[in-house]
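A.B. asks: Below are the chains, spelled out letter by letter.
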Amino acid sequence: MTLLDRDVIAVSDLSDDEIQALLRLAREFAGPEGRPTPRNELADRIVACLFFEPSTRTRLSFESAAHRLGARVIGFSSPAATSFAKGETLSDTIRTVSHYADLIVLRHPKDGSARLAAELSEVPVVNAGDGSHSHPTQSLVDFFTIGDERGTTTNNNVVLLGDLRFGRTTHSLATLLSRFGNKVTCVSPPGLEMPEGVIEECARHGRRPDQTNDLVGALADADVLYVTRIQKERFADPAEYLKYAGSYRIDDDILRHAEADLTILHPLPRVGEIDHAVDRRPGAAWFRQARNGVPVRMALLTSILKETPQILTEATR
Amino acid sequence: MTLLDRDVIAVSDLSDDEIQALLRLAREFAGPEGRPTPRNELADRIVACLFFEPSTRTRLSFESAAHRLGARVIGFSSPAATSFAKGETLSDTIRTVSHYADLIVLRHPKDGSARLAAELSEVPVVNAGDGSHSHPTQSLVDFFTIGDERGTTTNNNVVLLGDLRFGRTTHSLATLLSRFGNKVTCVSPPGLEMPEGVIEECARHGRRPDQTNDLVGALADADVLYVTRIQKERFADPAEYLKYAGSYRIDDDILRHAEADLTILHPLPRVGEIDHAVDRRPGAAWFRQARNGVPVRMALLTSILKETPQILTEATR
Amino acid sequence: MTLLDRDVIAVSDLSDDEIQALLRLAREFAGPEGRPTPRNELADRIVACLFFEPSTRTRLSFESAAHRLGARVIGFSSPAATSFAKGETLSDTIRTVSHYADLIVLRHPKDGSARLAAELSEVPVVNAGDGSHSHPTQSLVDFFTIGDERGTTTNNNVVLLGDLRFGRTTHSLATLLSRFGNKVTCVSPPGLEMPEGVIEECARHGRRPDQTNDLVGALADADVLYVTRIQKERFADPAEYLKYAGSYRIDDDILRHAEADLTILHPLPRVGEIDHAVDRRPGAAWFRQARNGVPVRMALLTSILKETPQILTEATR
Numbered sequence: 002m003t004l005l006d007r008d009v010i011a012v013s014d015l016s017d018d019e020i021q022a023l024l025r026l027a028r029e030f031a032g033p034e035g036r037p038t039p040r041n042e043l044a045d046r047i048v049a050c051l052f053f054e055p056s057t058r059t060r061l062s063f064e065s066a067a068h069r070l071g072a073r074v075i076g077f078s079s080p081a082a083t084s085f086a087k088g089e090t091l092s093d094t095i096r097t098v099s100h101y102a103d104l105i106v107l108r109h110p111k112d113g114s115a116r117l118a119a120e121l122s123e124v125p126v127v128n129a130g131d132g133s134h135s136h137p138t139q140s141l142v143d144f145f146t147i148g149d150e151r152g153t154t155t156n157n158n159v160v161l162l163g164d165l166r167f168g169r170t171t172h173s174l175a176t177l178l179s180r181f182g183n184k185v186t187c188v189s190p191p192g193l194e195m196p197e198g199v200i201e202e203c204a205r206h207g208r209r210p211d212q213t214n215d216l217v218g219a220l221a222d223a224d225v226l227y228v229t230r231i232q233k234e235r236f237a238d239p240a241e242y243l244k245y246a247g248s249y250r251i252d253d254d255i256l257r258h259a260e261a262d263l264t265i266l267h268p269l270p271r272v273g274e275i276d277h278a279v280d281r282r283p284g285a286a287w288f289r290q291a292r293n294g295v296p297v298r299m300a301l302l303t304s305i306l307k308e309t310p311q312i313l314t315e316a317t318r
Numbered sequence: 002m003t004l005l006d007r008d009v010i011a012v013s014d015l016s017d018d019e020i021q022a023l024l025r026l027a028r029e030f031a032g033p034e035g036r037p038t039p040r041n042e043l044a045d046r047i048v049a050c051l052f053f054e055p056s057t058r059t060r061l062s063f064e065s066a067a068h069r070l071g072a073r074v075i076g077f078s079s080p081a082a083t084s085f086a087k088g089e090t091l092s093d094t095i096r097t098v099s100h101y102a103d104l105i106v107l108r109h110p111k112d113g114s115a116r117l118a119a120e121l122s123e124v125p126v127v128n129a130g131d132g133s134h135s136h137p138t139q140s141l142v143d144f145f146t147i148g149d150e151r152g153t154t155t156n157n158n159v160v161l162l163g164d165l166r167f168g169r170t171t172h173s174l175a176t177l178l179s180r181f182g183n184k185v186t187c188v189s190p191p192g193l194e195m196p197e198g199v200i201e202e203c204a205r206h207g208r209r210p211d212q213t214n215d216l217v218g219a220l221a222d223a224d225v226l227y228v229t230r231i232q233k234e235r236f237a238d239p240a241e242y243l244k245y246a247g248s249y250r251i252d253d254d255i256l257r258h259a260e261a262d263l264t265i266l267h268p269l270p271r272v273g274e275i276d277h278a279v280d281r282r283p284g285a286a287w288f289r290q291a292r293n294g295v296p297v298r299m300a301l302l303t304s305i306l307k308e309t310p311q312i313l314t315e316a317t318r
Numbered sequence: 002m003t004l005l006d007r008d009v010i011a012v013s014d015l016s017d018d019e020i021q022a023l024l025r026l027a028r029e030f031a032g033p034e035g036r037p038t039p040r041n042e043l044a045d046r047i048v049a050c051l052f053f054e055p056s057t058r059t060r061l062s063f064e065s066a067a068h069r070l071g072a073r074v075i076g077f078s079s080p081a082a083t084s085f086a087k088g089e090t091l092s093d094t095i096r097t098v099s100h101y102a103d104l105i106v107l108r109h110p111k112d113g114s115a116r117l118a119a120e121l122s123e124v125p126v127v128n129a130g131d132g133s134h135s136h137p138t139q140s141l142v143d144f145f146t147i148g149d150e151r152g153t154t155t156n157n158n159v160v161l162l163g164d165l166r167f168g169r170t171t172h173s174l175a176t177l178l179s180r181f182g183n184k185v186t187c188v189s190p191p192g193l194e195m196p197e198g199v200i201e202e203c204a205r206h207g208r209r210p211d212q213t214n215d216l217v218g219a220l221a222d223a224d225v226l227y228v229t230r231i232q233k234e235r236f237a238d239p240a241e242y243l244k245y246a247g248s249y250r251i252d253d254d255i256l257r258h259a260e261a262d263l264t265i266l267h268p269l270p271r272v273g274e275i276d277h278a279v280d281r282r283p284g285a286a287w288f289r290q291a292r293n294g295v296p297v298r299m300a301l302l303t304s305i306l307k308e309t310p311q312i313l314t315e316a317t318r
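Chains as they are written, first to last, in this note's numbering: chain A, 2 to 318; chain B, 2 to 318; chain C, 2 to 318.
Treat the hints as calculated values from the structure; they're not laboratory data. Heads up, some of the hints might be wrong.
Facing chain C, a subset of chain B residues (Cβ under 8 Å, in silico) [unchecked claim]:
1. Glu64
2. Ser79
3. Pro270
4. Ala278
5. Val279
None of the values given here were measured: they were computed from a predicted structure. Backbone N, C-alpha and C fix where the C-beta goes; we use that ideal spot for every residue, glycine too.
Put together the whole structure using the sequences plus the hints.
C.D. replies: In structure tokens form, the structure reads like this:
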């Protein structure tokens, strides 16, 4: 019931209560404008951001969140300039860095690497994406944004579109949505369907997601459309990637089939899945979604590193 | 008449009064030794330094300036480890990062990118060099240094030497010098002359710059010699670069034609344009020029992020 | 007798008294758990970490040390995104950066580069490894760890194993050990022997190190075994490297010849020289050795940048 000193490797590590507490804390941090005011909760703490894969949003929003809380940041944005280049194992890197920081944020291309790191580290580990396995903070940001945009995190009708096979963010988001009583519809190019295991896990927690190729039909009564990128870096074979690249594209034309207030999300980066003209729709929420990365990650860092976040004691005063 | 919340994309964005106020503030920050004392004006602010091109001086002096003011820094020094590598557009990167920081410092290889970024960003953008277009903070540092070394920012006789075609720092410096009543003489290898548009802009503001191939003649009554590097990275064709590389070199021999107290500037890095023996001349000012990067950028950051810089209210007490 | 404002390029720059004072200060900083509590000694100071070669432990532990003392950090982890890429010399980079920071930490592939940097810099320079020449802070960490693990920094019987020719850390460690009255035995593959100059220097300070190929014999009465990596990056010819790679490997089998409480050190990264099963031995101290990097570097940074470290005045109260 407390996240203090805990690792966060997958959304399934968190109870419903813990998720709701995190979202409430993130809401407090976000403030009315979504731009967190600087705080001092984590002054004197060091957060290590170890990114073995490229990232803009995840790394910079974690670093911004740490700084907004007064913490310091060390780390790297690519393994090229580290001892990885000399042949060091991830295990040895983690065991070492866990002596230099109070918390490790890890992005790594290999599935399962974050769980391994958590077992070896002396300090808590937060998974910032491990291969196609999991990316829990992105799912929390997505879920927070749905609540923010729709006014509720329950009973929404959410369409997940795109590469649902390798798109790690959609796996835990689908489960989260099901756990909290939302309807999920999966639309993907043939061959990139949501894995059966994820469908089963959703069904265990709530309603079984629909699966369809009919995007237009799915859009008709959707509240939220969640678009993903075909991630070139997840395909072993470039020819395989080219088969899918450009197989869907959201533009104003197709959106005539949806409600005017449809909320559209995308974890970004986007590389052609959404026409730039769509940016003008009021429901185009991906930059607000990116913005929410800071307060949600502030909530997580504080909850792991501080017994009772001061903001909560303030809020209940 | 205030820089608060303003973008700084080109020196022409700044009025004469604003430039003079910036230089005064930079002087205050520099202190008698040129080594700024740490301040707290920007505690709790985050500055994002987004460098899409290599840099030592500009990036590190911006970061040093931010830290000397108590701010925090996030960003990257190369696009390799960002979502740029996944195909993200500059627009999307800027719109995202403007939610993570209070000000964006941008260096980018494309002309006009800084102006585009300023239009999309939610927070002020400072141009740290966009292609061969503009590099306003370098010009402010150069102008400040001329004032510091010569005792005045007006009535100086300044020779600009080298690649005046692609050398973005010389364009805005020439204009600045003309605006403040200095005489400018342009000396460049044939083919790398100062663009006619810049000459015209100088003429509109003050005296029309002289253009000549006769460096020895130009040196005779010069107060300041500003040397630039032939920038390999600005030439589309390497053969084109090789044609110019090494076409001029300042050494003690040629400097016999100049006054003993000639001030010599170079925005650095230098790669052979100045013989290392020249370092011993009292007028060799390029490392002091590099040093001045910190107080000048401190002045700019404070003016954009703070209503009334405390140092000014202190100074007038 | 004070390190204030001093460069630290080699262990030989430090007197015995200075080394003992540093180790005492590091012990204070380390605290009972080896995890330093944050301090404020260097608030408002900027440390520049200039790494021209890959590093994980050295860079991140220097940065962690700086942050634990309240300092700010600027710099780079690879020269790729700096003006080095435009052809700038190390001299010009150092002379520039010495205006942006209060202390420079330098790692560079060329022997002697740190001494050169110290001569040109306006601020103190700490050598974080220059080619195969010297890596004094690693040697201080190693020596501190021997004291911590064995209860004394004198009269230990220390076996140095591996590439003693290019392994810069073993050169200054051997000298240090000899200076403080320890027995040193050198075991290396033929061709990678400890340089004669180092042997002579040890002999001048204390007992002449033994040199042998008989690891099993050397282990019999050893207190400490110091294992090094064959450093691929120090061999001009890859074929030369392959000749040595894998030529020794410490496993439980060979360790049957040693005392049960043998302390085993390795500067890390390791790439096969130590079997992972050995990690379970109580004397496997390399992660504690890595951890000690923070308090030892805190001690060094404070001693160079502060007249009387507050912790010492506290300790003597």
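A.B. asks: Sort out which numbered hints this structure fails and list those numbers smallest first.
C.D. replies: 4 and 5
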